[in-house]
Structure formats: structure tokens, C-alpha cells
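Asks: Protein chains in written order, with our numbering: chain A, 912 to 1421; chain B, 912 to 1421.
Hints are not guaranteed to be accurate.
Derived BS3-like pairs: lysine-lysine, alpha-carbon spacing no greater than 30 Å straight-line [said to hold, decoys possible]:
hint, chain 1, residue 1, chain 2, residue 2
1, B, Lys1230, A, Lys970
2, A, Lys1097, B, Lys914
3, A, Lys1097, B, Lys1262
4, B, Lys1057, A, Lys1262
5, A, Lys1384, A, Lys1305
6, B, Lys1384, B, Lys1336
7, A, Lys971, B, Lys970
8, B, Lys1305, B, Lys914
9, B, Lys970, A, Lys1262
10, A, Lys1000, A, Lys971
11, A, Lys1167, A, Lys970
12, B, Lys1146, B, Lys1167
13, A, Lys1223, B, Lys1097
14, B, Lys1097, B, Lys970
15, A, Lys1259, B, Lys971
16, A, Lys1167, B, Lys1259
17, A, Lys1097, B, Lys1223
18, A, Lys1057, B, Lys1259
19, A, Lys971, B, Lys1259
20, B, Lys914, B, Lys1097
21, A, Lys1259, B, Lys970
22, A, Lys971, A, Lys990
23, B, Lys1301, A, Lys970
24, A, Lys1223, B, Lys1305
25, A, Lys1266, B, Lys970
26, A, Lys1223, B, Lys971
27, A, Lys1057, B, Lys1230
Bear in mind the hints are in silico, worked out from the structure with no lab data behind them.
This one's a predicted model, so the numbers in the text were calculated from it and none came from an experiment.
Protein chains: 2
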Amino acid sequence: MKKSALSVTREDNFAEWYQQVIAEADLAEESGVRGCMVIRSWGYGIWERIQHLMDTEIKKAGVENCYFPLFIPLSYFEKEADHVDGFAKEMAVVTHHRLVSGEGGGLVPDAESRLEEPLVVRPTSETVIGQAMARWIQSWRNLPLKVNQWANVVRWEMRTRMFLRTSEFLWQEGHTAHADEADAMKEMLRALEMYRSFAEGPLAMPVIAGEKPENERFPGAVTTYSIEAMMQDGKALQAGTSHYLGTSFAQAAGIKYQDREGGQQYCHTTSWGTSTRMIGGVIMTHGDDDGLRCPPQIAPHQIVIIPMLREKDAEEDNKVLSYASSLQAELSALSAFGEAVRVHLDLKSEKASNKRWAWVKKGAPLIVEVGPRDVEGGNVAYLRRDRLYKDNGKPDSQFPARAEFVADAAAMLEEVHAGLHAEAKARLDRNIHRNVTDLQEFYGNSGKYPGWVELQWSKPTGAVLDKVVDQLKELKLTIRNVPVDAAPANGDCFFTGEPAVERILIGRAY
Amino acid sequence: MKKSALSVTREDNFAEWYQQVIAEADLAEESGVRGCMVIRSWGYGIWERIQHLMDTEIKKAGVENCYFPLFIPLSYFEKEADHVDGFAKEMAVVTHHRLVSGEGGGLVPDAESRLEEPLVVRPTSETVIGQAMARWIQSWRNLPLKVNQWANVVRWEMRTRMFLRTSEFLWQEGHTAHADEADAMKEMLRALEMYRSFAEGPLAMPVIAGEKPENERFPGAVTTYSIEAMMQDGKALQAGTSHYLGTSFAQAAGIKYQDREGGQQYCHTTSWGTSTRMIGGVIMTHGDDDGLRCPPQIAPHQIVIIPMLREKDAEEDNKVLSYASSLQAELSALSAFGEAVRVHLDLKSEKASNKRWAWVKKGAPLIVEVGPRDVEGGNVAYLRRDRLYKDNGKPDSQFPARAEFVADAAAMLEEVHAGLHAEAKARLDRNIHRNVTDLQEFYGNSGKYPGWVELQWSKPTGAVLDKVVDQLKELKLTIRNVPVDAAPANGDCFFTGEPAVERILIGRAY
């Protein structure tokens, strides 16, 4: 039987497997601070790659990065009633600005430093960016105004799960102001498409883009769209959202412009965001029982070279090191996905086999080992992380000539990417079910990972929608979205029996 | 008389001039949130350039980026007494995690959501990173451990000044753990040298690197070094610090390792940081009465092309646009400072002359204008931001052939850099005075911008040092540092008359 690098398999316990990948791949860990995680170097390196690639797309769209305050005065929230209702329950509140020694020698907030107006640690920045937009926009010439910020945000969470739901997380939030609804909707859909193609591209993570139902809208939004990815346990992960906010935030903050005729108009605004949650999605899309398989475009190192040193024969070690260094230089001169290939030479003082398994767990796409025999024969030994084992369960090491490996390396990285995407796409397609007539039966009897169900519905609102939502909730299901690419409706509503107007996706979700 | 783009000159009112550069160059603005600024797109673009270049140096030194929690439990601070004394006075404290509707309809912190242990918004992360290091380090094989984070930090400030002193600011903080003092000191000095060469390089800002006196040490540090830059008003700006922390943080957090002999030892730690404060330094080092002169390596756009469009003759406008676009492509293919040249085509709907002055105020190094006559003659018109005016006070526009301009552009960017650095270096050298015998007389009578004084001293400690510090304080002076490159002492202490052991720099400071 094949042995794998982790002690828990996905099949045994998916939730525990997820935690173990995070620990064993040095992605993150509990910080000791409630609800907050430490993002470790490999996890943060993945985030840096995501930031770099996403930021390039954001800038291409003419959006400018800025930075807005961490703290938001309470009064800003009070202005936008719907928004407050959505967020007021879970925010960190700063009430004092000084500590003093208390009784017993500990530290306590100084009562004399109580703030007149408490400050909220931003859960999102619509309100404070709205205030800035109101200062920056005077006339139609200033529109559209498109800004983005990379920042940390805080939403107090009772139950946390690393990368998926933490009190503090890192994200980007785009905020734009437009002259009219049409232009704002166009921007909202542009951001959605940017997220969709980013997920399918660098993350190799197939997603379904679509509109959220009324009950799942962002607090204060007129329309919310999302991208939804399918995890290996069949659950959905919302991996990015884009909102059309109408004029409600503009009215709250006074974002007005003079139109070409000299009249005063409220701007139409949008916001859109993605976060470190994507890393959770990548783990649960591509991970296997040996750890993470990191998509090459977001892998901090795409090729890792492990020199096999004996630490007894300095001359031999030097030959191996020099062979490894020149191999690194040669590989670094290659290009994959339009960028220089990222090659790491692992010089830690650790046994080569330990290093090999550490990189397997981290999911480096290509893991190369070079020892004295490779130097002599002009070869390399390598593992492809996406094809780790032979049929007999042994690691599938390859031993090509060095020149042959260098010639193939960039193409192999692109193959790893394509393979990861294809595997995930097949799983997504296979697990969307279109002929389900009884949700209770389906989700009760379909094994551990039943996937999603596509249904037709009449898009009910108000009390009828509430009833549908409650009915789904009993089965721990939610409406994920109305896929933009779904076939037109051609039947009756699954819930009301009325003529259907669109198709929706239903599933369990993170 | 020469007219300049700002309404206040440095000579008239340096503090107001500084604020005006920040406003007119779209660098930052007051946010409406106490002590916090909004960093606008040009300011944030400069910060992104600084981050990119500094991060490259940090990674080259084998330091890995991670991310640690925004919130630090009070108990972490209580463990390190000296550190607490230094910071306890000015921290934002989170005491509640929920808001509810209060009387009168406003929002108030929910009394039931009071935290058992208040959380401090990080003023710096030694304590929380120390906890992580204690988990990560077991043996000498794990050392040195070197991490860095890019983050926002908060230090409650009563009097704020944009970029120089704000309650929230952005920075990088490096934290390292070592087996012994010698290795930790080496790292501390490496970081200092990284900062020195970064300031002199990308920022074109000459600095003096040296050790801080005892009274100016980071809370809890054994040794603190800084780089000090001289602003145009003769004041000093501390632009980066590097600390050797001894084993005090290691003892507080339990950062121990097993040595080669099997014994348990405390690690020796360092920390080092630079922040958005550097942007304030760049403004006050290179700004002139027309706004910022942005050093080319950190300029988001190094060359800005303004097409002169009439908006009446579409055919002519198209020719100008096509000429400008191809010029942009040609210039973007050039390389300066080892990177591709960054060229921006300004297509805003705004008069060309307004655009030109906007870019002068922002300090784009080369500002190019192209109109129908340039298209016809195959020319460009350009301004060099470092040589804006002719002797007669008129803008010094040059009109070379396009090919000639393209051939010279990269070299001109390097010239702008060298010129800015040389100008600032001459000012720094000119304003360090070595023969001052009476500080009161010197600082009382030396005009507006007296600069710094280099003195010899006996390095007193305790009460004698306190007296020196108080005496300087009356003249609004502080000891900046003990320059690492200063000549050896060869006389008596300025303050005590005892034999001097080293030279110190004294000045007024931000």
C-alpha cells in the first residue's frame, strides 16, 4: 500500500487533513491571539505571488492603489443603515488610547484616555473611502474614479478556520465611482471577470461566476456577484465578490458630481474584493494526501534544487554545490508563463531526504536532487509534484540528462499547471448535478461529497425567498449564485412551481 | 522674478511649504480620522517603489517575509518591562468586539462584548514575533532565523504631521534570532548598511549612519543604530533604525535553542525598521518651490508624455496620439538603474498646460509634450524636473529630435538621480559644523537653518548624561548619533571636560 507524507488523508477526515497541510507546508499557524493567524513564509510567499499577479491586472484596468485609515469613526457607519446592519455585529472597537499600570502590576486601559468617539477597526472601507471620494470628485471629468487598496481588515469571528475565516485577514478592495448605473455595472462585471480569469489562470482553480441571490448580497449593495470554487469535499468556496452599490453609499457620504449640463448628480459606486481566503481555496482544490500541490504561477519557488552533501568529503561536496549552482543559474534564465522561472537552491543543514519531503508537502512543482553520481554522469534526478508516484506506489523519480531536463523544465511547469486545472475542472463538472428532484434525498444519500445541484427557479423575493432559504438551511445548503454562463430557464421553479426565470447553483459552503 | 508653482516657498515657511507639496503633488491628505492620513495614488506609488526595491534587498539577505497579527494581548507586553515603559503611553486599545444601537439611534460598543483581555493594536511586533520564534526555534540548526513583515502599525500621537508622525503608518519590521551576540550584532549592522545604501541609492538621500546614545535607544534594546538625513531646513530626520536587543526579548518570550553541546541557551535578537516616514524625508530633501522632485528610482512614472490634443480636429489628434503611443513604447523598452524605464501616457481630459504643471508638482523626472508640430518635425518637447528654469526664469523646455531624445533618456534619468544626490550631499556636508564652542550662541545666531554640530564627548551615562540631554533640550537639540565614519576622538569632552572617546552629532530634529 502507498504511504503518503501526511498522517491524515482527505478521505479519512477532510477538515483535519486541511489543518495538517497548513501545518506541514509551513503555510500558517495559530498565533495565540484569538482569531488571528501567523502567515508563515511559504504561505506568505504564495500571497506575495497572488498580490503581484492580481495587482498587475488591477493596474492594467486603470485602477490606482491608495491607502486609507485602519480606523473608522462610528459616525461613518451610522450614515449607511443597511451597511451597519450587516457589519455591526462583528467589529473590533478601539475605546482607549493609553495603558497604565493597574492594581497588581498588570496593564489596564487608562480611563482618562477614553475616546470621545470610539473607532472601529475597518471590516471593509466603503465608508471611509466614500468620504475621500466626496472630496476628490467635483465634475464628470473626474469620473470614473477607480482606487484599490491592499490592506488588513478585521471581522470578529466566533469560529475561525485558517485562511477561510479569521478575525484578521489580508485582502484587496477595489472601490470605484461612476457617472451612471451602466458604467458602474460595466466595472462591476469587469472586476468579476478579472477574478474569474485570475482563479482559472494563476490559481488553476475553476470557478463559476454568477450573481448572488438577494439574501446573500453585501450589506448595502444593489447587486452582488461572486466566483464560487468547488473544494475536493464538494463544498463551495466563495473566492471573490464584486458589488454594484447603486447610489446608497454616495448619498451617505455625499459623493456628487456636476454633470455636463451643470446639474448635481450622485455617483454610482462599486466595490470588489479578494483575500487570503483564496489560499484556502488553492489548498482544498489542489492538495493531496502528501500536502499541497502549489500551482506553478503562484509557487514562490517553481523548481527547488537539493544538493546531496555528505559533509565528510569537502571536495566532493564542492563539486555538487558548483553543479547545483550552475544548474540554478541555467534554469533561472528560462521563462514560463511570461516570467523568469523561480529556482531555489536549498542549502539548509538538513538531510536531503528530509528536505525532499518538506518540498513535497509544500508542493514545489519540480523537486530536483543532485548528488555526486549526477555530477559524474551529467544527470539530474527530479520529481514532478503532480505525478509523485509510480503505479507500484514508489516515488516516480526521473533521471534525465541535465541538458534534457533544462530543455524541458519550462514546458513541464506549464504542464503541471494545465494538469492541475484539468483535474479540478473535471471534478467541478462531474459534481454539478442537474437532474435532482428531491434535495433531501440527494443530500441525504449521495455519500460524503455530494457536490452541487443546479436548479431552475422563479427568483422569488421577500417572504417567499425567505421560505426557500430556510428550507435549504435545514439541509445546510445555500444558494451559491446564478451562473452567468448557465443555460436559459426552460421549465418550472423547483420551489414555487411557477415558470422559472433562471438557473441557480445550490450547495454546502465554507 | 521667477514665478513658482506653489504659493508658499521653503524660505517663507518651511512647514507650510511641506504641507503644500504633499497636497499639490497628490501624496497624501488628512483623512478625517484622528491622526491617520490617506495616502493618495502618487504617494502610494512612491511607497510601492520603495517596498519593491527594499524588499529585494531584504530577500537577498536571506530574510523571509511573514505576517503576524495586528492585535497583541496585553499580557504579551507585560512580560517585557522596559519595552512596556517605552510604548505603554501611546497605544490604541481594543476593548469590545460588537456594536449595538444605543439610545438616540447611534451605535455604541455592546457592553456584553467586552473582551476579558484587551488587545493592543501593534505599535511594533517584537512581543508577538518573539512568541512565534519561541515555537519555531529548537536547536542551533534553526539559527539564524530571519523574518520580516510589511505592515501597518499604530502609535497614538497627539501632534501629527503627514508621513513624519501619524498615528497609523506603514513600515517593514525585520526580526532576527541568533546563537550569540556577535552574530546578532553582525545582522544589526547589515540592516543598518542596507538602510544607508538604500537611502543614498534609490532615495538619493545622503545620511549619516551611527549609534544612538543610551537615552535614545529603542525600548528594551541594548544598542540602537540609526540613519539620519538632513532636511533642507537643517533639521535631522531619523529615517531608519536597527537594534540589537540582547537576550531580553528572548527571555521574556522563551526563545531558546539547544546548542551543539546539548545545553539550552537564550537567543540574541535584533529588529530593524523603516517606514512611510522616508517619503517625508524625500520631500524635505529634494522638494523645491515647484513641488516634489522625485528621485527617478522611486518615481512611479519616470517619464510622462502629455499629448497636446485640440479635441476639434480628430484626425490631427489621432496622429498626435499615435506618435505619443509609439514614443511611449520606444521609451519603455529602455533600461535605467537595471530596470525597464517606466513611462506614462497622460490621457486625462484636462488642458495640456495644467497637466504639465501637475507633473512638475509631482516631480516626474522627465515631462514630455508632443503636439502636431512635433509630429510633423519628428521632435519632442521636454522638461527636466531637476533643471526646470532658464536663467531668465522661463521654463527650460528642450526640443530635440525624437531619436536623439530616446537615445539620451535613460542617461538623463541617471543624471537626474546623480544631481539630486550631489545637491543634497553638498548641503549635508556644508551644514555639519565642527568648530562650534558655544551651542547657545551658534543656534541662537546662525540664521534659520543652522544645521548640525559635531562634538567630541566622553560618552557619559546615568545622571551626567541626563544633565547633558536636559541642557540640549533647552535649545531644542538632541544627540542624533555617533557616526560610524567619524574621525577618532582626539580632545576633551564638550560637556564634561574629561577625555573624549567619540564624536557625536547634535541637531534639531523631526
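Asks: So, for every hint listed, does it hold in this structure?
Replies: Outcome of the hint check:
1. Lys1230(B) <-> Lys970(A): Within the cut-off at roughly 26 Å; holds.
2. Lys1097(A) <-> Lys914(B): 45 Å, violated
3. Lys1097(A) <-> Lys1262(B): Cα-Cα ~28 Å, so holds.
4. Lys1057(B) <-> Lys1262(A): Satisfied, since the Cα-Cα distance of roughly 21 Å is no more than 30 Å.
5. Lys1384(A) <-> Lys1305(A): Status violated; Cα separation ~45 Å.
6. Lys1384(B) <-> Lys1336(B): Since the Cα atoms of Lys1384(B) and Lys1336(B) sit roughly 27 Å apart, the hinted pair holds (cutoff 30 Å).
7. Lys971(A) <-> Lys970(B): 27 Å, holds
8. Lys1305(B) <-> Lys914(B): 9 Å, holds
9. Lys970(B) <-> Lys1262(A): Holds. Lys970(B) to Lys1262(A) sits at ~24 Å (cutoff 30 Å).
10. Lys1000(A) <-> Lys971(A): Given that 30 Å is the threshold and the Cα spacing comes to 37 Å, the pair is violated.
11. Lys1167(A) <-> Lys970(A): Status holds; Cα separation ~25 Å.
12. Lys1146(B) <-> Lys1167(B): 42 Å, violated
13. Lys1223(A) <-> Lys1097(B): 29 Å, holds
14. Lys1097(B) <-> Lys970(B): Since the Cα atoms of Lys1097(B) and Lys970(B) sit roughly 17 Å apart, the hinted pair holds (cutoff 30 Å).
15. Lys1259(A) <-> Lys971(B): Within the cut-off at roughly 16 Å; holds.
16. Lys1167(A) <-> Lys1259(B): 20 Å, holds
17. Lys1097(A) <-> Lys1223(B): Holds, at roughly 29 Å.
18. Lys1057(A) <-> Lys1259(B): Given pair Lys1057(A), Lys1259(B) holds - Cα atoms ~13 Å apart, limit 30 Å.
19. Lys971(A) <-> Lys1259(B): 16 Å, holds
20. Lys914(B) <-> Lys1097(B): Distance ~51 Å between Lys914(B) and Lys1097(B) Cα, so the pair is violated.
21. Lys1259(A) <-> Lys970(B): 16 Å, holds
22. Lys971(A) <-> Lys990(A): 33 Å, violated
23. Lys1301(B) <-> Lys970(A): Violated: Lys1301(B) and Lys970(A) sit about 37 Å apart, past 30 Å.
24. Lys1223(A) <-> Lys1305(B): 73 Å, violated
25. Lys1266(A) <-> Lys970(B): Given that 30 Å is the threshold and the Cα spacing comes to 21 Å, the pair holds.
26. Lys1223(A) <-> Lys971(B): 29 Å, holds
27. Lys1057(A) <-> Lys1230(B): 28 Å, holds
The structure is inconsistent with the numbered hints 2, 5, 10, 12, 20, 22, 23, 24, although it conforms to all the rest.
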